[in-house]
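With chain E fixed as given, assemble chain D onto it according to the hints.
2 protein chains.
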Amino acid sequence: MKGTMLYGPGDVRFEELDMPEIVEPTDAIIRVSVTCVCGSDLWPFRGLQPMNGPTPMGHEYCGVVEEVGKDVTSVKPGQFVIGSFATSDNHCPNCTYGYHSSCTQREFITRAQAPYLRVPLADGTLVPTPEMPSEDMMPGLLTTSDVLGTGWYAADAANVKPGVTAVVVGDGAVGLMATLSAKQMGAERIIVMSRNPARQALAREFGATDIVEERGDEGVARILDMTKGIGADSVLECVGTQQSMQQAIRTTRRGGYTSYVGVPHGVELSGQEMFFSHIHLHGGPAPVRKYLPELIKLVLDEVIDPGKVFDLVLPLEQVAEGYKAMDERRAIKALLRP
Amino acid sequence: MKGTMLYGPGDVRFEELDMPEIVEPTDAIIRVSVTCVCGSDLWPFRGLQPMNGPTPMGHEYCGVVEEVGKDVTSVKPGQFVIGSFATSDNHCPNCTYGYHSSCTQREFITRAQAPYLRVPLADGTLVPTPEMPSEDMMPGLLTTSDVLGTGWYAADAANVKPGVTAVVVGDGAVGLMATLSAKQMGAERIIVMSRNPARQALAREFGATDIVEERGDEGVARILDMTKGIGADSVLECVGTQQSMQQAIRTTRRGGYTSYVGVPHGVELSGQEMFFSHIHLHGGPAPVRKYLPELIKLVLDEVIDPGKVFDLVLPLEQVAEGYKAMDERRAIKALLRP
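Note that the protein sequences, when read in sequence, are chains E and D. Under this note's numbering, the first residue of the first sequence is numbered 32, with each subsequent residue one higher. Under this note's numbering, the first residue of the second sequence is numbered 32, with each subsequent residue one higher.
Bound-form chain E, shown alone (with noise of 0.2 Å):
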């Protein structure tokens, strides 16, 4: 088969590769019905981020169940199924306190940007939907394999509750998706920070009721006027760099809280400015695992509609261009159709 590797700054190829094989008991092949490009693809894309060599890419996903190891017992061959990014046992300490992303088991995924893909401890990683999803059902499932379930996390580790005024730093696809999850959780006010039109645009229909375009300390100045100087209840970082995590921490109130959900790049935080600040910070890599049944069902009862996140389809042999077009900010979020 052929898949997306990533050989270095700018240069994504779609090349051969060997077809994935069960290797443990508890895998499971999926032949992918659709796969994306994430924002966290950008990093070494852009050169941000060190490589080991060449790298096979892609861990958003969601397929047909091809194949399963001798000690899958959950899910079987033929059923659609939805893993995350981070594999999950779904039994140890960590995943029962819910935080499958940090499994003492976890792998994370790679190689999903592909026809076929091997899935370890696909028991506690897979979630099967009910039955066969239609066609224009694909791109909302596929959101909730990461990209929604990290915007979940970000308005859930960031405590919005009905009624708060929540703020979302970012305007990529992730911070989309947690607008979209601020809303649905009850945000009452739902501060959008961006400067893109048709982003912006997204953004409202998403539940944004604000849009803020001023960035750094006149960003923060602005939050801070429209909240009576006080700040926002619940402060939603997903960009990941110094100025974006700054932001989002002087702008909630004493006793607020920011979360983060974006891998931090070049990130330092001043222990006096935290301390004075009376923020409670959250975040790390999103247990969407924990949120997999709950999200899909949402989908699927079309009560959101995330899957309109995507603002580009293409083939998946064209996958270079999804990369190039999210670079250049022409894109949102590029599917991908093996």
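Just so you know, these hints were derived from the structure itself, not from any lab. Among the hints, erroneous ones may be present.
[As the list claims (entries may be wrong)] Chain D regions said to be covered by chain E (calculated; three or more residues, Cβ under 8 Å):
#, stretch
1, 231-239
2, 291-303
3, 308-319
[What the hints assert, rightly or not] One-sided and incomplete, this derived list gives chain D residues near chain E with beta-carbon spacing under 8 Å:
#, residue
4, P124
5, N125
6, I261
7, R285
8, V334
9, G338
Here the structure is a predicted model, which means the values were calculated and not measured. Don't be surprised by glycine CBs; every beta carbon is placed ideally from N, CA and C.
Just chain D, lined up with the frame of chain E:
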């Protein structure tokens, strides 16, 4: 009157100061019954915190109201009162959310190591006792003004609940009060990191079930070993150094809670380490005012005996010896009688 001034590292003087007077109509003047030296006083005493010239010292106090400004309605001359080290109006949004130490009108108390003290925002800052407390209640009541309130906040911010495993990093007075607080909130196991036999004994008296003498990486390894490799539910950081913060973060389980209640000195947190630790982080200056009514009641009802933390009692004029004894770790905490 004579009071306490710090002129520079190691240079504490007890010298003639102006008698405090009502400045604002919301002020009260109190005659200080007992005061004490705080661990935070040791930072400038040790030359580890910059000073702007000679500084009046002291922020822990309780005593009898002498005089009140014309707008003060909730306390009156002759009442015994206790206040926080931070003033608060008790009605701004930050106070309403329970973060009195970030009150929008906050001032930090200073000059309390003296016979008389001016307390701004008296109505919002001071809490009277139901009657004049007996002499033997004074040490316990004094702790509620800062050190107990801060230890209590450490436990509260680290989400200590019945049944949890808690780790206390630091065996200073705040660490010992955090131990007592964790016990009072129902922690099942309380591991205190301490190398000092006298402090270990007091920690055990306050509720410690285990003592760990190792520090740094060895200390982390020991705690992980004691918690099946998972880490503790609640870790209470009561020191404020880079090493103690790292130790706290690295001994908290994924999804667990780390609190920090001592002003961080030279602490920088790595965004990536924080991210993958999956912890909840919360802390800051303790909102002592919020806890005062509850803590005063626990002391007066003799449910807790936090006054034991004072292992040195001096007449106020010997305040310099109090600083010295604490600096040299000959004393845990020095109580001063004007």
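Comparing the hints with the structure gives:
no.	hint	in the structure
1	231-239	violated (count 0)
2	291-303	holds (count 11)
3	308-319	holds (count 9)
4	P124	5 Å, holds
5	N125	5 Å, holds
6	I261	5 Å, holds
7	R285	4 Å, holds
8	V334	27 Å, violated
9	G338	28 Å, violated
In this structure, the earlier hints numbered 1, 8 and 9 are contradicted, and the remaining ones agree with it.
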